[in-house]
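Visitor: Sequence:
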Amino acid sequence: MHAGPSWSKVGESALSRLPAVLARASLAAGVEPPRLGGAKMTKNLLLRAADAGDVERITALHVASWRQHYRGILPDEYLDLRAWDERLLVWRQRFAAERPPWVRLALWQGEPVGFVCLLPDEAPERGVYLDNLHVQAGQQGRGIGRALMAAAATEALRVAPGRPLFLWAYQANRDGRAFYRALGGVESAPCEVDTAGGRRALALSYQWDDPSCLLL
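Just so we're aligned: the sequence shown equals residues 751 to 966 in the working numbering.
No lab work stands behind these hints: they were computed from the structure.
Where is the CB? At the ideal position from N, CA and C, for every residue including glycine.
Any given hint could turn out to be false.
Claimed, not checked - Distance ranges between label pairs, derived from CB positions: (1) Asp959 - Asp835: 33 to 41 Å; (2) Asp925 - Arg949: 14 to 22 Å; (3) Arg908 - Ala847: 15 to 23 Å; (4) Gly860 - Leu966: 15 to 23 Å; (5) Ala799 - Leu839: 20 to 28 Å; (6) Cys941 - Glu861: 33 to 41 Å; (7) Glu875 - Gly934: 21 to 29 Å; (8) Asp830 - Ala928: 24 to 32 Å.
Using the sequences and the accompanying hints, generate a full structural model.
Guide: Below is the structure:
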(Lines of atoms letter the chains of each structure in order from A and count residues from 1; the text may use other names and numbers.)
(Lines give C-alpha, C1' and ligand atoms only; values in the text may rest on other atoms or scores of the structure.)
Protein backbone atom coordinates (compact mmCIF):
# COMPACT_ATOMS: atom_id res chain seq x y z
CA MET A 1 0.00 0.00 0.00
CA HIS A 2 2.25 2.73 -1.24
CA ALA A 3 0.22 3.85 -3.80
CA GLY A 4 3.11 7.22 -4.15
CA PRO A 5 5.46 8.27 -5.96
CA SER A 6 13.32 10.01 -15.95
CA TRP A 7 13.17 11.88 -18.71
CA SER A 8 15.45 13.38 -21.36
CA LYS A 9 13.95 16.29 -23.29
CA VAL A 10 13.06 16.07 -26.94
CA GLY A 11 14.04 18.76 -29.42
CA GLU A 12 11.35 21.33 -30.18
CA SER A 13 11.24 20.39 -33.86
CA ALA A 14 10.44 16.77 -33.01
CA LEU A 15 7.97 17.52 -30.23
CA SER A 16 4.88 17.82 -32.39
CA ARG A 17 5.62 14.49 -34.11
CA LEU A 18 6.42 12.56 -30.95
CA PRO A 19 2.95 11.37 -29.85
CA ALA A 20 2.30 9.63 -33.16
CA VAL A 21 5.78 8.11 -33.20
CA LEU A 22 5.36 6.83 -29.65
CA ALA A 23 1.95 5.41 -30.41
CA ARG A 24 3.16 3.52 -33.49
CA ALA A 25 6.24 2.15 -31.74
CA SER A 26 4.29 1.17 -28.63
CA LEU A 27 1.51 -0.57 -30.52
CA ALA A 28 4.04 -2.48 -32.61
CA ALA A 29 5.73 -3.65 -29.42
CA GLY A 30 2.46 -4.54 -27.70
CA VAL A 31 2.78 -1.87 -25.03
CA GLU A 32 0.73 1.18 -24.09
CA PRO A 33 1.97 4.50 -25.48
CA PRO A 34 2.40 7.14 -22.77
CA ARG A 35 0.15 10.12 -23.46
CA LEU A 36 2.28 12.79 -21.86
CA GLY A 37 1.31 16.34 -22.69
CA GLY A 38 3.41 19.44 -22.17
CA ALA A 39 6.89 20.60 -23.13
CA LYS A 40 8.76 17.76 -21.42
CA MET A 41 7.56 14.96 -23.65
CA THR A 42 9.84 11.93 -23.73
CA LYS A 43 10.68 9.22 -26.18
CA ASN A 44 12.20 6.98 -23.50
CA LEU A 45 9.22 5.87 -21.39
CA LEU A 46 7.05 2.87 -22.26
CA LEU A 47 4.32 1.19 -20.22
CA ARG A 48 3.63 -2.46 -20.87
CA ALA A 49 1.50 -5.20 -19.37
CA ALA A 50 3.34 -7.21 -16.73
CA ASP A 51 3.13 -10.99 -16.50
CA ALA A 52 4.56 -13.88 -14.48
CA GLY A 53 7.97 -13.34 -16.05
CA ASP A 54 8.16 -9.94 -14.34
CA VAL A 55 7.64 -11.19 -10.79
CA GLU A 56 11.19 -10.55 -9.60
CA ARG A 57 11.34 -7.14 -11.30
CA ILE A 58 8.12 -6.09 -9.61
CA THR A 59 9.22 -7.49 -6.26
CA ALA A 60 12.50 -5.57 -6.46
CA LEU A 61 10.70 -2.30 -7.17
CA HIS A 62 8.09 -3.00 -4.50
CA VAL A 63 10.54 -3.84 -1.70
CA ALA A 64 12.94 -1.01 -2.56
CA SER A 65 10.04 1.47 -2.42
CA TRP A 66 8.88 0.14 0.94
CA ARG A 67 12.40 0.42 2.33
CA GLN A 68 12.62 4.00 1.09
CA HIS A 69 9.20 5.22 2.25
CA TYR A 70 8.14 2.97 5.12
CA ARG A 71 11.01 3.20 7.60
CA GLY A 72 9.37 3.93 10.93
CA ILE A 73 6.03 2.64 9.68
CA LEU A 74 6.98 -1.01 9.18
CA PRO A 75 9.57 -2.70 11.45
CA ASP A 76 13.18 -2.58 10.19
CA GLU A 77 13.45 -6.31 10.80
CA TYR A 78 10.56 -6.91 8.44
CA LEU A 79 11.80 -4.54 5.75
CA ASP A 80 15.36 -5.85 5.80
CA LEU A 81 14.84 -9.57 6.38
CA ARG A 82 11.31 -10.67 5.48
CA ALA A 83 9.80 -8.25 2.98
CA TRP A 84 11.54 -9.71 -0.09
CA ASP A 85 10.45 -13.30 0.45
CA GLU A 86 6.92 -12.28 1.43
CA ARG A 87 6.37 -9.90 -1.49
CA LEU A 88 7.88 -12.40 -3.94
CA LEU A 89 5.38 -15.02 -2.76
CA VAL A 90 2.50 -12.54 -3.02
CA TRP A 91 3.37 -11.61 -6.60
CA ARG A 92 3.88 -15.22 -7.65
CA GLN A 93 0.47 -16.10 -6.25
CA ARG A 94 -1.17 -13.12 -7.91
CA PHE A 95 0.14 -13.94 -11.37
CA ALA A 96 -0.62 -17.64 -10.93
CA ALA A 97 -4.27 -16.89 -10.15
CA GLU A 98 -7.03 -17.69 -12.60
CA ARG A 99 -7.62 -13.94 -12.95
CA PRO A 100 -4.25 -12.20 -12.53
CA PRO A 101 -4.31 -8.55 -11.50
CA TRP A 102 -3.99 -5.68 -13.95
CA VAL A 103 -0.36 -4.54 -13.69
CA ARG A 104 1.56 -2.10 -15.86
CA LEU A 105 5.36 -1.89 -15.74
CA ALA A 106 7.09 1.40 -16.55
CA LEU A 107 10.28 1.06 -18.57
CA TRP A 108 12.74 3.91 -18.93
CA GLN A 109 15.14 3.20 -21.79
CA GLY A 110 14.20 -0.45 -21.40
CA GLU A 111 14.85 -0.65 -17.65
CA PRO A 112 12.01 -1.17 -15.13
CA VAL A 113 11.53 1.95 -13.02
CA GLY A 114 8.00 1.60 -11.63
CA PHE A 115 4.70 -0.22 -11.70
CA VAL A 116 1.03 0.13 -10.89
CA CYS A 117 -1.45 -2.58 -9.89
CA LEU A 118 -5.26 -2.48 -9.86
CA LEU A 119 -7.50 -4.95 -8.03
CA PRO A 120 -10.93 -4.07 -9.46
CA ASP A 121 -12.72 -6.84 -7.54
CA GLU A 122 -11.26 -5.95 -4.13
CA ALA A 123 -14.02 -3.51 -3.09
CA PRO A 124 -16.41 -3.08 -6.05
CA GLU A 125 -19.04 -1.47 -3.84
CA ARG A 126 -16.68 1.48 -3.38
CA GLY A 127 -14.97 1.58 -6.76
CA VAL A 128 -11.78 0.39 -8.44
CA TYR A 129 -9.00 -0.25 -5.94
CA LEU A 130 -5.45 0.82 -6.78
CA ASP A 131 -3.32 -1.46 -4.62
CA ASN A 132 0.20 -0.52 -5.66
CA LEU A 133 1.96 2.44 -7.24
CA HIS A 134 5.73 2.51 -6.93
CA VAL A 135 8.45 4.47 -8.71
CA GLN A 136 12.15 3.75 -8.30
CA ALA A 137 14.16 6.06 -6.02
CA GLY A 138 15.72 8.87 -8.02
CA GLN A 139 13.07 8.68 -10.72
CA GLN A 140 10.36 10.67 -8.93
CA GLY A 141 9.50 14.11 -10.25
CA ARG A 142 9.86 13.17 -13.91
CA GLY A 143 6.26 12.22 -14.65
CA ILE A 144 6.49 8.43 -14.36
CA GLY A 145 4.05 8.29 -11.47
CA ARG A 146 1.59 10.49 -13.36
CA ALA A 147 1.85 8.27 -16.43
CA LEU A 148 1.16 5.17 -14.32
CA MET A 149 -1.81 6.86 -12.66
CA ALA A 150 -3.18 7.84 -16.07
CA ALA A 151 -2.88 4.24 -17.27
CA ALA A 152 -4.67 3.02 -14.14
CA ALA A 153 -7.43 5.60 -14.61
CA THR A 154 -7.89 4.50 -18.22
CA GLU A 155 -8.33 0.89 -17.10
CA ALA A 156 -10.68 1.89 -14.27
CA LEU A 157 -12.87 3.76 -16.74
CA ARG A 158 -12.91 0.71 -19.00
CA VAL A 159 -13.80 -1.93 -16.40
CA ALA A 160 -16.08 0.17 -14.18
CA PRO A 161 -17.34 3.27 -15.98
CA GLY A 162 -18.89 5.76 -13.64
CA ARG A 163 -17.18 4.29 -10.56
CA PRO A 164 -14.48 6.02 -8.47
CA LEU A 165 -10.81 5.09 -8.34
CA PHE A 166 -9.36 4.89 -4.83
CA LEU A 167 -6.27 3.86 -2.87
CA TRP A 168 -4.86 3.87 0.65
CA ALA A 169 -1.70 5.61 1.90
CA TYR A 170 -0.07 5.62 5.30
CA GLN A 171 -0.48 8.92 7.13
CA ALA A 172 3.29 9.05 7.71
CA ASN A 173 4.00 8.69 3.99
CA ARG A 174 4.16 12.42 3.34
CA ASP A 175 5.64 12.22 -0.15
CA GLY A 176 2.97 9.85 -1.38
CA ARG A 177 0.16 11.87 0.17
CA ALA A 178 1.44 15.10 -1.38
CA PHE A 179 1.49 13.37 -4.77
CA TYR A 180 -2.12 12.21 -4.46
CA ARG A 181 -3.32 15.60 -3.27
CA ALA A 182 -1.58 17.25 -6.22
CA LEU A 183 -3.52 14.91 -8.50
CA GLY A 184 -6.81 15.98 -6.94
CA GLY A 185 -7.42 12.97 -4.71
CA VAL A 186 -10.05 13.54 -2.02
CA GLU A 187 -8.58 12.59 1.34
CA SER A 188 -10.50 10.66 3.99
CA ALA A 189 -10.14 10.86 7.75
CA PRO A 190 -7.32 8.63 9.06
CA CYS A 191 -8.05 5.21 10.48
CA GLU A 192 -5.91 2.51 12.06
CA VAL A 193 -4.99 -0.47 9.87
CA ASP A 194 -2.91 -3.63 10.12
CA THR A 195 0.41 -3.52 8.27
CA ALA A 196 2.40 -6.20 6.49
CA GLY A 197 5.00 -6.07 9.27
CA GLY A 198 2.51 -6.83 12.03
CA ARG A 199 2.22 -3.32 13.43
CA ARG A 200 -0.77 -1.01 13.42
CA ALA A 201 -0.53 2.31 11.59
CA LEU A 202 -2.74 5.22 10.58
CA ALA A 203 -3.81 5.32 6.95
CA LEU A 204 -6.02 7.50 4.75
CA SER A 205 -7.79 6.82 1.51
CA TYR A 206 -7.64 9.00 -1.59
CA GLN A 207 -10.49 8.91 -4.05
CA TRP A 208 -11.16 10.25 -7.54
CA ASP A 209 -14.89 10.17 -8.25
CA ASP A 210 -14.17 10.81 -11.92
CA PRO A 211 -10.94 9.00 -12.87
CA SER A 212 -10.88 10.83 -16.20
CA CYS A 213 -9.36 13.80 -14.37
CA LEU A 214 -6.15 11.73 -14.14
CA LEU A 215 -5.81 11.23 -17.88
CA LEU A 216 -2.90 12.98 -19.55
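Visitor: Now, for every hint given, state plainly whether the structure supports it.
Guide: How the hints compare with the structure:
1. Asp959 - Asp835: 33 to 41 Å: 38 Å, holds
2. Asp925 - Arg949: 14 to 22 Å: Since the Cβ atoms of aspartate 925 and arginine 949 sit about 20 Å apart, the hinted range of 14 to 22 Å holds.
3. Arg908 - Ala847: 15 to 23 Å: Between arginine 908 and alanine 847, where Cβ atoms are some 20 Å apart, the hint holds.
4. Gly860 - Leu966: 15 to 23 Å: 22 Å, holds
5. Ala799 - Leu839: 20 to 28 Å: Given about 22 Å between the Cβ atoms, the range holds.
6. Cys941 - Glu861: 33 to 41 Å: Between cysteine 941 and glutamate 861, where Cβ atoms are some 37 Å apart, the hint holds.
7. Glu875 - Gly934: 21 to 29 Å: 23 Å, holds
8. Asp830 - Ala928: 24 to 32 Å: 26 Å, holds
Every hint, counting from the list given before, is met by this structure.
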